[in-house]
Amino acid sequence: MADVHPKILLVEGRQDSRVIPELIEANGINWGTRKKPVVYIRDFGGYQKLIDPDVISAELQASGLAVLGIMVDADDNPAGRWQSIRRASLKGIPDIPENLPENGLIHIAPNGIRFGIWMMPDNKMRGMLETFLTYIIPNGNQILWQFAQEVTQEAKSKGSGFIDPHCDKANIYTWLAWQNPPGRQIHQAITERILNPNHPAAQKFVIWFKALYELA
Amino acid sequence: MLKSLRIENFRCFQTFELQQLGLLNLLVGTNNSGKTSLLEAIQLLTSQPGLDTLREVMVSRGEYILDHKRNNGRELDVRHLFYGHEIDVGSRFSIFGRNHNHQESITVFVEQAEWTDTQTRQYNLSRDRDFEDSQQVKLVIEWLVGKENERVKLPLSSFNGLPFRYLDRVRRNSKHLEAKTQFVTASSLKNENMIELFDQIVLTPEEEFVTVALQTIEPNIERIASIGSEPYQFAGSHSGFVVRLADEDQRIPIGSMGDGIWRMLGLTLAIVNAKNGVLLVDEIDTGLHFSAMSDMWKLIWETAKRLNVQVFATTHNSDCWSSLASIASTEHPSPEGITIHRIEKDKPNSIVFTERQIVIAAERGIEVR
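Chains as they are written, first to last, in numbering that gives the first Met the number 0: chain A, 0 to 215; chain B, 0 to 368.
In isolation and in its complexed conformation, chain A is listed as follows:
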């Protein structure tokens, strides 16, 4: 049954909806309970299902909504991705800005709703959530991280089947396989500080998130 959530984040997939709460909680925000989280995350099982003008405008009309954020991956075409998400948002947000700010979009709609967009990894570069996560690999772990990337490339040359756009995913899971304990899932790796959620490189996103949802 539908519940009223004043603050909602739309994401592409399950992975996003698991990682974000851990990342934000590690940055000093109590995420709340499963039933009443500070930000309710709805995942869409893919970009195409999310960038539908009727979906975004229906989300914007949800009862009791105050803030709606959208987090998508840039993938291999950041400019095109921004244009498509912008076009899909126009029905609900007719005055959405032309350009995506480097620090993420925070826009107050005419009806008072706060509307935000973040494009992983950094609103500019190609990539995805996993690209962003490579930024927060602890500084002391760089040698191993270099090695993980080299090995992944080599595996590719030996017939490993992953596609090029998923290179960052292959890299980070390879690296995770060699941690203690080995092979944690990404959101667990954040909780257990295998990844460093307080890394300076994560702060731009965290600042956007806190500002959009007015979290202190």
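It is worth saying that the hints were derived from the structure and are not from the lab.
Honestly, I wouldn't trust all of these hints.
Claimed, not checked - As a list, the in silico DMTMM-like pairs of lysine to aspartate or glutamate whose alpha-carbon atoms are at most 25 Å apart:
#, chain 1, residue 1, chain 2, residue 2
1, B, 152, B, 113
2, A, 34, B, 318
3, B, 189, B, 51
4, A, 35, B, 362
5, A, 34, B, 362
6, B, 304, B, 281
7, A, 35, B, 343
8, A, 90, B, 335
9, A, 6, B, 366
10, B, 304, B, 149
11, A, 35, B, 366
12, A, 90, B, 16
13, B, 179, B, 113
14, A, 6, A, 42
15, B, 344, B, 366
16, B, 274, B, 206
17, A, 35, B, 318
18, A, 123, A, 101
19, B, 344, A, 2
20, A, 34, A, 21
21, B, 274, B, 51
22, B, 346, A, 2
23, A, 90, B, 345
24, B, 2, B, 343
25, A, 123, A, 51
26, A, 6, B, 103
27, A, 123, A, 167
28, A, 6, B, 76
29, A, 34, B, 366
30, B, 346, A, 94
31, A, 6, B, 345
32, A, 6, B, 281
33, A, 209, A, 24
Quick caveat, the model's predicted, so the values are computed rather than measured.
Assemble chain B onto chain A, guided by the hints.
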């Protein structure tokens, strides 16, 4: 079919607009957000000649005064129709509707009375003590349909009431008013209204349709009949109808069958008698189990399309709107299809969910209420 509706200074709305109306419209919103008032506005705009509608609406809300002292009988306390519950010379409320190819409106305002001799005779003012010693004001009701307009002026009493006895004297004679409007309140129709509506359709193809509708709740029902003779009629009771069940030899009074059957009977009788007109239903889910709601919507929607009835219904119920989503279609949303309108206090217009958005909202768990 109404495409949009705008109201000014009517009841709790200073200004309010319903846009993008479809053939089937569900109004949702918190208590006291004005959903029922919107149904009333549509009813006043679209209803049959005469002011019976106004009387029914106001009496059902208890908005009348009894003037014992002057022996004046009952008066409608018309100030409650106006925003802020107060009237003075110059007060005015309006309801505007836009259809495919014409506009229609009803405007009601208060003005200082300057009665002509004809009017004085018409309303017997000279014999009416009330109007000799009161500040004489009158209520002007003006209808506009396309380019035709009509206007009636009615005297108000010293309490600013509209005496019942004047209401019957007003008959609209516009040709445009062939369409019928049916209003089903939260407490359903009265049995005398139901019998009257049933009489309209008995032995027509629509009678079969009523049986089919009742079978969605109770598959054993084979036939329904009205028994109009007096012993069976008590005002306010679920009486006046009997049904035959497949597994029973004797006929069963419909009152034995539970609220769902009564509600369904009321809804179907109302809609088949609203052909080419408007059906208004307050709290449409009343008496219906959630499992019956999809069937109810299917019936209402199919019939609305078949008989060209524009439907406006209200609900508080979550199952009610999500079961409406089950008959809405993402692939083939009809342009004049199904809408949900959320009414929020102090907003100038409703939040509209189109047919496709209703389906999306139900699938994604987006709360529309």
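Taking the hints in turn, this is what the structure says about them:
no., hint, verdict
1, B:152 - B:113, "holds, 11 Å"
2, A:34 - B:318, "holds, 20 Å"
3, B:189 - B:51, "holds, 16 Å"
4, A:35 - B:362, "holds, 20 Å"
5, A:34 - B:362, "holds, 19 Å"
6, B:304 - B:281, "holds, 20 Å"
7, A:35 - B:343, "holds, 24 Å"
8, A:90 - B:335, "holds, 19 Å"
9, A:6 - B:366, "holds, 13 Å"
10, B:304 - B:149, "violated, 31 Å"
11, A:35 - B:366, "holds, 15 Å"
12, A:90 - B:16, "holds, 20 Å"
13, B:179 - B:113, "violated, 35 Å"
14, A:6 - A:42, "holds, 14 Å"
15, B:344 - B:366, "holds, 17 Å"
16, B:274 - B:206, "holds, 14 Å"
17, A:35 - B:318, "holds, 22 Å"
18, A:123 - A:101, "holds, 7 Å"
19, B:344 - A:2, "holds, 20 Å"
20, A:34 - A:21, "holds, 16 Å"
21, B:274 - B:51, "holds, 20 Å"
22, B:346 - A:2, "holds, 22 Å"
23, A:90 - B:345, "holds, 23 Å"
24, B:2 - B:343, "holds, 20 Å"
25, A:123 - A:51, "holds, 22 Å"
26, A:6 - B:103, "violated, 41 Å"
27, A:123 - A:167, "holds, 16 Å"
28, A:6 - B:76, "violated, 45 Å"
29, A:34 - B:366, "holds, 15 Å"
30, B:346 - A:94, "holds, 20 Å"
31, A:6 - B:345, "holds, 22 Å"
32, A:6 - B:281, "violated, 32 Å"
33, A:209 - A:24, "holds, 11 Å"
In summary, the numbered hints that this structure violates are 10, 13, 26, 28 and 32.
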